[in-house]
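> Here's the letter readout for the chains.
There are 2 protein chains.
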Amino acid sequence: MQRILSSQLTHHVGATVRIAGWVHRRRLLKSVAFLIVRDAAGLAQVVVTDPAVRAAVESLPEETVVEVVGTVVANATAPAGVELAEPTVRPLGPPAVPPPFDLYRPALTATLPTQLDHAPTALRHPTRSAALRISAAAVAGFRAALDARGFVEIHTPKVVASSTESGANVFALDWFGRPAYLAQSPQFYKQLMVGVFERVYEVGPVFRAEPHDTVRHLAQYTSLDVELGFVADHRDVMAVLRETLAGMLAEVAARAGGALATLGLTLPEVPAEIPAVHFTEALKIAGAPADEPDLAPAHERALGEWALREHGSDFLFVTGYPMAKRPFYTHPDPARPTHSNGFDLLFRGMELVTGGQRLHRHEDYLAALAARGEPVEPYAGYVDAFRHGMPPHGGFAIGLERFVARLTGAANVREVTAFPRDLHRLTP
Amino acid sequence: MQRILSSQLTHHVGATVRIAGWVHRRRLLKSVAFLIVRDAAGLAQVVVTDPAVRAAVESLPEETVVEVVGTVVANATAPAGVELAEPTVRPLGPPAVPPPFDLYRPALTATLPTQLDHAPTALRHPTRSAALRISAAAVAGFRAALDARGFVEIHTPKVVASSTESGANVFALDWFGRPAYLAQSPQFYKQLMVGVFERVYEVGPVFRAEPHDTVRHLAQYTSLDVELGFVADHRDVMAVLRETLAGMLAEVAARAGGALATLGLTLPEVPAEIPAVHFTEALKIAGAPADEPDLAPAHERALGEWALREHGSDFLFVTGYPMAKRPFYTHPDPARPTHSNGFDLLFRGMELVTGGQRLHRHEDYLAALAARGEPVEPYAGYVDAFRHGMPPHGGFAIGLERFVARLTGAANVREVTAFPRDLHRLTP
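These protein sequences, in sequence, are chains A and B. The opening residue of the first sequence carries number 1 in our numbering; numbering runs sequentially from there. The opening residue of the second sequence carries number 1 in our numbering; numbering runs sequentially from there.
Calculated directly from the structure, the hints in this document are not laboratory data. Please note that the accuracy of each hint is not assured.
[Stated by the list, open to error] Restraint ranges, calculated between C-beta atoms of paired labels, are given here:
#1 R3/B to E273/A: 19 to 27 Å
#2 A370/B to K30/A: 41 to 49 Å
#3 A239/A to A148/B: 25 to 33 Å
#4 T114/B to D174/A: 21 to 29 Å
[To be verified] The following residues of chain B were derived to be distant from chain A, with all beta-carbon distances above 10 Å:
#5 R25
#6 R133
#7 P289
#8 A298
[Said to hold, decoys possible] Far from chain A, by Cβ distances over 10 Å, these chain B residues were calculated:
#9 T71
#10 L123
#11 D147
#12 E153
It should be emphasised that the depicted structure is a prediction, and the values quoted were computed from it without experimental measurement. Backbone N, C-alpha and C fix where the C-beta goes; we use that ideal spot for every residue, glycine too.
Work out the full structure: start from the sequences and follow the hints.
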């Protein structure tokens with residue numbers, strides 16, 4: 001008999017079926033016992049009256065893997081309106097050792113460190129797995145939106161000969177006796193690949209030896225990177241980002257409806273045109289001094305409130321960040337070269353995406369590095385490529401875990417990461 | 001005027017259009033000059049008769065980025081039957097320095113090391129970019145096939161506290177003062193996630209400190225990993241692999257038709273049922289001694305010829321490899337415990353995929369490690385999870401670069417890798 005999933009039971013009322021999954025919960029009443037089986041699709045209720053079957057169920061602790069054959073019976077009081085009656089119950093492995101928290105309670109009551117220490121079982125809780133399902137759907141939407149617009153997926157090196165972007169926060173390793181570093185981003189590679197495909201994206205791990213222990217930082221996270229050529233300026237990049245975000249949320253709605261329901265979430269709307277303010281204007285709105293070089297978290301919160309109040313939007317672009325606070329490859333605003341063609345996207349008052357137009361002329365790279373007092377040599381393989389013809393281009397990067405945390409309202413990115421890596425955590 | 005791609009020119013005969021791309025080639029004849037522009041979609045021919053425009057074109061070396069506005073004219077002798085006449089040509093950047101090889105020739109004549117040293121420009125050659133387009137399409141097909149079958153995409157740590165699978169060939173790094181290693185595979189994590197989602201996959205980098213300099217090995221490659229629970233045995237895994245391969249090839253056909261044409265390739269057929277032979281039978285077919293513990297490359301070639309001759313198949317499963325040659329988490333064949341429920345998939349006489357059923361009982365892990373004289377401690381976080389209820393499960397891993405190399409007939413995996421990493425190469 002073919003196994004069916006719990007979600008298919010409603011289509012088999014009256015039939016004998018086989019299900020399999022984990023013992024999620026047992027409720028041993030006087031005259032009847034209920035066995036709740038959890039599988040990939042959800043929960044199924046099994047009603048046990050036979051004393052021998054009941055004895056078997058009593059010997060199977062929570063999380064034991066079982067197979068149940070029974071008859072599907074309609075019962076309006078059961079979950080999804082159906083239950084399995086007159087079952088036979090067969091374990092598919094030895095009795096499980098229950099984890100140090102109850103997976104059947106609506107919320108995991110264990111502390112986050114305990115959950116992370118026991119990730120293989122904590123992730124089985126419906127709230128934890130729901131966040132990862134939303135994450136998977138968001139990535140699928142990211143790719144679908146970009147595939148539909150002629151982007152090509154790339155895979156780039158995660159070990160590099162010199163540290164990218166800045167010398168700080170890099171992990172050093174021994175590469176066959178030579179010093180090497182874990183890549184902090186695919187920034188240089190995605191730009192070089194614009195010369196090949198014009199439009200590229202990558203989904204992959206990036207590594208930051210972040211010495212701070214915060215709720216927002218991971219030492220490894222999943223970066224959703226995009227780069228496109230033949231742009232007029234950063235606004236063409238912002239338009240692609242808007243389409244990409246809309247695609248991500250549409251795919252979350254389409255693929256992860258059950259996960260959204262589990263977490264009680266309503267997805268935000270992406271406006272047809274996301275409101276945008278220049279950095280200097282943003283400072284005024286946030287009530288910050290006009291000479292601030294960057295936006296503090298409190299400023300971002302004020303801007304988020306303003307965007308919701310004035311534009312009914314959860315999203316807000318801030319453009320024209322001062323050049324001093326952006327990386328050396330950032331393209332300046334030609335009309336106002338102290339400010340950049342770089343932008344941030346705020347979501348509900350927090351920075352979600354950073355992007356912008358990049359330099360595309362070889363001489364501009366040499367000048368930008370010289371102006372910062374940085375040598376060219378560590379960047380040679382990257383900078384040299386701009387001698388061979390690169391179009392005006394730009395791009396952006398979305399941190400997947402932050403995106404999901406903000407979407408789900410998780411207070412800590414570790415709640416939406418399967419096996420987080422940070423200053424303290426290298427296992428499991 | 002909106003830019004259009006070269007592939008759209010045929011829809012605009014008689015109209016004035018704007019294209020942009022790289023100067024692919026210039027042919028300066030006496031009375032006329034031809035400018036071939038390369039963009040993401042292919043090549044466009046521009047006919048120049050005006051002396052001033054000709055002078056401009058003469059000053060723009062190959063690989064300079066240009067924008068051309070002109071009238072689309074039908075010309076049966078031009079590529080795709082159209083060309084641009086009476087053009088204006090405007091550079092979008094400074095004149096390019098041409099790379100040390102001609103990108104307009106049908107094949108790149110530079111040696112592979114030269115190509116790899118100059119990857120940002122070498123990858124612009126249509127044969128090199130075609131392989132990467134096939135790669136992107138294959139990965140898209142991999143995901144689509146698995147998404148349709150209820151698999152969930154995961155992202156797992158690439159830095160681990162102890163080396164996985166074997167102590168050899170690992171890269172060591174300094175993790176905030178603690179020793180750590182680059183992950184050789186997501187094997188343990190994908191198994192643990194079967195406990196959460198039943199069916200999972202991951203596309204990500206894996207790292208092997210492979211000290212041999214061969215045409216088949218990279219120190220970083222992209223692994224397509226799959227794991228699924230509630231299997232009867234390895235044959236359920238093989239069935240999913242067959243469907244996944246068929247999905248990959250279907251997506252290559254659908255998305256990368258132009259790339260296949262560029263490389264002159266015909267895709268193999270995946271039989272509805274891929275023929276399978278047991279390891280002991282495989283030894284006989286290959287004419288190998290009955291006590292051989294593994295298949296040598298010559299044996300695999302003989303088996304590939306046999307599969308084509310006897311079954312008309314480019315693919316052949318070999319099942320039941322001796323336990324001694326498989327990793328400790330391999331599930332033995334219950335009827336013949338010296339042999340495993342592990343398999344390899346051969347493609348045209350070369351190993352393409354390794355997979356099998358895994359152990360799922362905690363006590364079996366302890367016994368397997370003890371039998372090999374290995375301590376449990378380095379594997380504790382992994383092995384302990386099996387106390388908490390894991391279903392019978394199995395999976396497989398496809399090396400993306402090897403898959404594409406075999407599909408395209410590339411002699412060296414580096415030919416189908418954008419920026420390879422190996423014993424000698426850490427740049428660009």
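> Does the beta carbon distance between R3/B and E273/A stay inside 19 to 27 Å, or does it fall outside?
holds, 21 Å
> Does the claim that R133/B lies outside the interface with chain A hold up, using a Cβ gap greater than 10 Å?
Violated, because the least Cβ-Cβ distance between R133/B and chain A comes to about 6 Å, which does not exceed 10 Å.
> Can the suggested window of 41 to 49 Å be confirmed for the beta-carbon pair A370/B and K30/A?
holds, 46 Å
> Taking the shortest Cβ-to-Cβ distance between L123/B and chain A, state whether it exceeds 10 Å.
violated, 5 Å
> Does the claim that P289/B lies outside the interface with chain A hold up, using a Cβ gap greater than 10 Å?
Nearest chain A Cβ is 36 Å from P289/B, so the label holds.
> When you take the CB atoms of T114/B and D174/A, is the distance between them in 21 to 29 Å?
holds, 28 Å
> For R25/B, which was marked as not at the interface, is the minimum beta-carbon distance to chain A over 10 Å?
holds, 13 Å
> Is 25 to 33 Å right for how far apart the beta carbons of A239/A and A148/B are?
holds, 31 Å
> Over 10 Å from every CB of chain A: does D147/B meet that, or does the non-interface label fail?
violated, 7 Å
> Taking the shortest Cβ-to-Cβ distance between E153/B and chain A, state whether it exceeds 10 Å.
violated, 4 Å
> Verify that the Cβ of A298/B lies farther than 10 Å from every Cβ atom of chain A, and report whether the claim holds or is violated.
Non-interface label stands for A298/B: nearest chain A Cβ at 30 Å, farther than 10 Å.
> Hey, is T71/B genuinely clear of chain A, shortest beta carbon separation above 10 Å?
holds, 21 Å
In terms of the numbered hints stated before, the structure departs from hints 6, 10, 11, 12, listed from lowest to highest.
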